[in-house]
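Visitor: Letter by letter, the chains look like this.
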Amino acid sequence: MSEQMVARDKPSAVIATMFIATIFGLGALAVVAAGLTIPIPGTDVVTDPRELFATIGAALTGPIGGVIVGILAGIREPVVVLPSVIAHVLGGLWMGFAYRLLVYERLQTPRRFAGWAALVLAYYYLIVVPGFVIGQAITLPASALQISALWAFLRETYVTIAVGATPEALLTATVTTLVLIAVPRKYHRPLWGGNGKRPRYIAVPDKRVERRPGTGEAREFPPSVYSYGHNAEPRRGLAAGTVELARHIKGTLAWRLVILLTLMSFLPIAVMVIFVRHTVAEALIALESRDTLMQARQLATEVPLLADEAVIQDLLASSSDEHRTSFIAGRDGQPMVLPPNIAASAIALASLTPNTLRNVLSGREGTTSEKDSGVIVAYSPIPRTDAVAVIVMDGSAVADSIQRMESATFVQLGASLLIISIVGGALIWLVMGPIRSLTRAAGQIGAGNFEIEIDPSEMEGELAVLATAFAGMTRQLRESYDTLERRVADRTQELATLNSISAVVSRSLDLAEVLQAAVDRTLEIVNLEVGGAYRLDEETRSLTLLGHRGISEEFAQQATYLAQEKGIVLPGLREGQTVVVREGDPAFEALSSCLERERLKTLVAVPLMAKGKAVGLIVLATRTERQLSAQELSLLAAIGQQVGVAVENARLYEQAEEAAVAAERSRLARDLHDAVTQTLFSASLIAEVLPRLWERSPVEGRRRLEELRQLTRGALAEMRSLLLELRPSTLTEAAPGELLRQLAEATSGRARVPVSVTVEGQAPMPPDVKIAFYRIAQETLNNIAKHANASQVFMSLNCRPDSVELRVSDDGRGFDRSRVSSEHLGLGIMNERAEAIGATLSITSQPGHGTQVLVRWTEAQGGKANV
Amino acid sequence: MSETNPIRVLIVDDHAVVRSGLSAFLMAFEDLELVGEAASGAEALRLCAERRPDVVLMDLVMPEMDGAAATRAIRQAFPSAQVIALTSFKEEGLVQAALQAGAIGYLLKNVSADELAGAIKSARLGRPTLSPEAAAALIQTATRTATPGFDLTDREREVLALMIEGLNNPDIAERLVVSRSTVKFHVSSILSKLGVSSRTEAVALALQNHLVN
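Taken in sequence, the protein lines are chains B and Z.
The numbering used here puts the first sequence at residues 1134 to 2000.
The numbering used here puts the second sequence at residues 5 to 217.
Mixed in with the good hints there might be a few duds.
Derived CB-CB ranges, DEER-like [as the list claims (entries may be wrong)]:
1) B:A1867 with Z:R161: 52 to 62 Å
2) Z:L211 with B:R1836: 53 to 63 Å
3) Z:N114 with B:R1836: 17 to 27 Å
Simulated from the structure, these hints should not be mistaken for laboratory data.
Note that the structure is predicted; figures quoted are calculated from it, not measured.
No residue lacks a Cβ here, since even glycine has one placed at the ideal position from N, Cα and C.
Produce the complete structure using the sequences and hints provided.
Guide: This is the structure we're talking about:
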């Protein structure tokens, strides 16, 4: 109910709050008006439960509500109205402010309960009682207002009222605290002050670490359950244990029910007490009145028979005792005859109310009881006289017996209250037992422990339904949790597998290596024994075997051929589908002659996909019956994707390499072609004019003939070089010395420079080293032919088993290394070639002093470079 | 013919082997005289000033100063010297460049000695000689139909460039800040001027003929 009414500035909410305050105030007023006073056992103090309404009402509705409650609670005080109103209004203000600001917003249960009790005690001793005292001081006559007297008055009044109010204060504090404990926490919120300020709770996440049975592996659960409290650290010790127990108990539903039961039994008992007291008191008074009237009547009949006053006095004395006084009153209402030793003044006829006196003198017999003083007066007119026999009985006789009865009743009621609470509590505890176990189970599940079991057979009725449903939910939770865990594990495994595949296949850019690694790893993963990997030629759609395991290459080739012929694998490749072929399938029968030889039972063809196209195929096979799960197939498909990318990478790399090689080759071919053209042009010119030259000068003719011979030899050498460029495999086959001589001849033919070649050692060298040396020599000679203007070139090659050395030197014009960038003269390319095989290249040159080129390769360097 | 002065010839070629062959050739003819050999355009210019040749045999593709540039420089500085391009290339562009630079002959390095001698003598008299291949290249240039698209307006070229970028009409309209119908008009005009029926053909043709930058 509080939720809608809390907004501070909504008039409707304010009015609602005022309304609730009025209800509480009227409750307090009704308590007083109905005279629902409760004598506190063992004391003379009579109290009433209006402060229960006043405190709770004011705390709930705030200061303004408190004022309303205070006015209504204080207005009906029998004697002292103003002090009472002042005291209660102050009290209402106090509870209104203090509850929200000091208790609700600052203290969390269970401290809040202690705070509340303190608040109520302060309400009594600091607010209401002083309020009364001040109120009374205000009503004092002006003459009493002397400082010292006033101080004494205030002090004495305070002490008197405070002492008298103590039992009531304790009772009120206890009962209201119990109410606070019993109502759910959400009703603790005051209705005033708006929503702005939330209670200052500290959220402490319950982190839970659990160890798996068996492995002992620790698992930390996320803080799925939050509890509110100030204790981030677990408490230790007895006191802490008690606090924990109290915290546990106050939170349980059973405990609340016990308190509510006790409170509810308390209320009818209190009402009963008051009504019984009234009835009993009235009955006692009636009895006493009749008794007294009989005596008065007796007195009235006996008195006229006795003439002697002394005898009458004796008679009067005998019918008097400590509580009652018998006497004869005259018409004027004055005592005529009194018992001896009682003074006329002691007969408090004057203290009787005029009403009583009128009754006494009415000439009729009867009884009158005075409410205020508790005095009972019985009277009977004495026949034939004007006198009346009167018996006045003070109230204490009746009051004593009432009090005795009340005390007995209170003890009995208190005992029965206790018994009800205990028995009721025990019953509730028993009834709540299954709920408690359900709650515990729910708590465990909330904390992530799905192993908890609930036995619904122990429960009945709604609880059995609840428990059955709960057990079902727990089982489902457990199952779905297990499934989830298994799925995560599977997925993790799958990812790890793919990762390892990816790692293996990305280690190399060599297609055969990639595919062999892929086959090996895939077989390991799916636990099959036979496999082959193929590259798919994009144009011819034919497969090339590049890696295999568990079968001979011969068989793999044969199977590939057969499978292609029968058109078995290609449709799968086109679709990018993994194809499984089992014994009995048409596809299997088509290959049966081949498969049976190797006793293969099941084939799986996994296309290797890149950019949505098949680039290859991995075929796995097994010699045992083997069903592949959907999961394994999807894993294989994923592997196919992964390996496909690696294949595509390798292919692109190959292509790029080929393109680079082709570009360089065509450049060289163009250069050579150009050079051959020049040489042949020159040769043909010379040949054409040679007869004429010879005629003019045989010496010159002979020289030119020799030149012609050199030119044609050079052209031939260049043609051979050209062939080498067009068919690079011959380059690796030819002897290094031969290659250099050919280069030398071509150069000397073209550049008209004699090139001498010396070759030492016959040790074979690795193909890549040979090619690199050839290219470097070629580039060097090209440079000499084009730029050096040399008259002599020396070239020497030294082939040792573990090292190769090439020297080329000329006597040309040389160049300044600092003024020639590496892009010029092909120096950059020469350097790159040397670096690629791990050789060292040094070029020394000075303008006018020729150029020396030295390339040196050693096994160790080469080995290092290949790593 | 011995009473007339021999024709002074300068050889320019970066290949030593060619220079050697040409020197042998010149030696065989009495009326031709070798006055110098140069391996580059710059050297040729220097030797021209020094030796005053009547005819220069000029290779075209050379490092440093190329043949066409050297020819132009020689013809400017020494108008009396005639230049014959002697090269192994018969590409149209080279032929045109050489002739525009002022060469009087264009011969390929498959020319016979007699033909070469005749060409040198003709050049001395101011008569041009073209090798059949060079003549064919020139004829081809002259007779080839005009490159399509030369009559495109600037705006049409702009539109064509955007078409090559792959933009459609609305995009082009947005880029050029004109209406779509204007763009459509331009495009159809481009198609008709290029004599093609589709955008794709237009783009292909434009790329082949470098119609736009």
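Visitor: Hint by hint, which ones does this structure get wrong, listed from lowest number up?
Guide: Violated hints: none at all, because every hint is consistent with the structure.
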